[in-house]
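S.K.: Chain by chain, the residues run as shown.
2 protein chains.
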Amino acid sequence: MFEPRYARRAEAMRASEIRELLKLLEKPGIISFAGGIPDPALFPRDAAAAAYAQILADPVASSQGLQYSVSEGYPPLRAWIARHMSRLGVPARADNILVTSGSQQALEFLGKLFITAGDTALVTAPTYLGALQAFSAYEPRYDTLRPESGNRTPASYAEAAALNGGSVKFAYVVPDFANPTGETLTADARHGLIALAEELDCPIIEDTAYVDLRFAGESVPAIQALDVERHGGDLNASRVIYCGTFSKTLTPGLRIGWVCAAESVVRRLTLIKQASDLNCSLINQMVMERLAVETYDAQVAKAGAHYRARRDAMLAALKANMPAGVTWTTPEGGLFIWVTLPRHMDGAEILQRAIVEAEVAFVPGGAFFTDGSGKNTMRLSYSLPSEAQITQGIARLGKLIASL
Amino acid sequence: MFEPRYARRAEAMRASEIRELLKLLEKPGIISFAGGIPDPALFPRDAAAAAYAQILADPVASSQGLQYSVSEGYPPLRAWIARHMSRLGVPARADNILVTSGSQQALEFLGKLFITAGDTALVTAPTYLGALQAFSAYEPRYDTLRPESGNRTPASYAEAAALNGGSVKFAYVVPDFANPTGETLTADARHGLIALAEELDCPIIEDTAYVDLRFAGESVPAIQALDVERHGGDLNASRVIYCGTFSKTLTPGLRIGWVCAAESVVRRLTLIKQASDLNCSLINQMVMERLAVETYDAQVAKAGAHYRARRDAMLAALKANMPAGVTWTTPEGGLFIWVTLPRHMDGAEILQRAIVEAEVAFVPGGAFFTDGSGKNTMRLSYSLPSEAQITQGIARLGKLIASL
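Chain order of the listed sequences is P and U. Taking my numbering, the leading residue of the first sequence gets 1, the next gets one more, and so forth. Taking my numbering, the leading residue of the second sequence gets 1001, the next gets one more, and so forth.
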């Protein structure tokens, strides 16, 4: 009965293979490299317990925390985030910050704000699947960025967009330890992206979900910091919209992320927040502000050491077990290693056998491409299994792949 | 720089007068009848503190509560809501329930699921402003339902929708103690609405934000319960999509509401949830489940007695102070009384003077109409001021209106 009444966009909405795969995690005996979620052993549980207890013991704070609130976000949390952005070279004020339900919500809002059906969104291939899900409801056409190996000319992107009846509305990238590849854009690639966006006169959406999980190598400046520098330090003149989150550093369970951008965009996004869900849980924002003040730097340090050891275990196991012809990335942070198999192999087919024969799970890389390519790739996450499980699981997976 | 890149829909996004008015609440000395938010004195603060503390003291529960989770919602909470719906005559199972960030998010999702630009949404006049904000981003045309005084013929609605290049995608109503009028649809009006929707073969969205705040009169069955009855008790055959919330009975601060509907629609909405913000804060869902189990019936009883006393104070004060020609509704629950002034008066103009001269705030009724009518109306909320403040504030407002 409902089917004929659905909006045209409903055709573009599909279930995430990854989210469906999360269900596999619960099968006993499986060593899963599929999830890509943070290790709960790192969650600041005691600090969260203390923060909730203190707020709820205070009659004024609890009345506030359990009530509706302003759509922009809890002022002290916005102020903390603005200071955090300043440390990254982005001189933000609280008015440049919108608090969102994780950075996923920020991506959804940006799709809603910019995309009319038929417009073009520039994305890398592969890219974060959740971003594609967020944008696709607004019926864009996708065109491909290759920030490291050379983008096409601005005119070529603009003409292809016009042929489709729209224009290029934004360029979306995950510049640090990207999901799914684990790779980081060089400063040169970031400057090149800014130059392209200037020619196209379009915003850049910088999704930094993993940026604070660096455990090796040198930090690269945020694209927003580079662009603000080109505008004499004026964030309100920058075309970069920065999406941040506490999900990977503190906890994803409170659903708190943020947008940092020019005030004009933040005001627009605030209207969208108001119409979408009024405001983020205020008690969670109050707790997150305390966690950020009290634990942020320590949590970042702890997470870096924790994930570095797991990455090292996975790199060593890949080297020891993968047959010739298999290659992989060496991430300097984040949660993912990206594996490229010989051309004739298919990650999705291997997954079926891996679960049954090797009791190992991962995400086939094809899921992260918009064009059906990438079948001979796999995303491996080292965030949840122990080092011993990583060693064991990669050995089993390597044996399977070597037998193909 | 961003302006030329915004989607066409951005034109339809406007700030809520009501949300802007919330800022007036903070001006000292003002007696505000504007807000329409629950009284924080009713929040189950101690039970919430105990629930957070217990969950966070448990290593397994805290790891779960602070982690990502499934988009559908926390299974025990979905099960509680399904039992709750069964008490309302809707035989729901957990698979019929999606947990949302308040019912506001449910409305946004339903706009996204059903409306292609140019389609028609049927709404009452006046109606809940937040619903219009949620739907308007999807660029519908609105047509007017008059469930009590007589809807137009189905053909007339369908033809008008077709002339606009779309079709009628749903009928939206707040049947119980509506925001803004405080009025409740009779059983006859509900049956009439179902008959209209059957002819148009469109869903009905039943927004029940206030339904459990009944403090007088007799309950009227939910539209969904009436429709399920017509389908032999099969919820999966019903065209009614029920949007519920804990915001008015327990607390809005955890941002937890729900949709109860046929499984096919819940599955679609779950995909939208996944793309929008992955999932509602799991720790908040776990806490809400405990609050619901432990306190729901007691909270409903407490809230009813509390708001009844305030409504009574406001009705008495209106009777004592309003000049002839002013009329108002007598709500049997909820938070609002709707005042109709003589035709020549303008609620928005009176508000300006009321704030300065009478130190009283309310919401001018015109904000709740899509067609610019209703200027001579006001929405008064009795939820926050004490009975003494209500008596005093209405006396001051009545004096001002009598002087016009």
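I should point out that these hints are in silico values taken from the structure, not numbers from a laboratory. Among these hints, one or two may not hold up.
[As the list claims (entries may be wrong)] Cβ-to-Cβ under 10 angstroms is the rule here; a few derived chain U residues that face chain P:
1) R1005
2) L1066
3) L1132
4) S1156
5) A1160
6) A1162
7) N1164
8) G1165
9) S1167
Just so it is clear, CB atoms sit at the ideal spot from N, CA and C, and this is done for glycine as well.
S.K.: All hints are to be evaluated individually against the structure, with a verdict given for each.
M.R.: Going through the hints against the structure:
| no. | hint | verdict |
| --- | --- | --- |
| 1 | R1005 | holds (6 angstroms) |
| 2 | L1066 | holds (4 angstroms) |
| 3 | L1132 | holds (9 angstroms) |
| 4 | S1156 | violated (19 angstroms) |
| 5 | A1160 | violated (17 angstroms) |
| 6 | A1162 | violated (14 angstroms) |
| 7 | N1164 | violated (15 angstroms) |
| 8 | G1165 | violated (12 angstroms) |
| 9 | S1167 | holds (8 angstroms) |
Going through the hint list in order, the structure does not satisfy hints 4, 5, 6, 7, 8.
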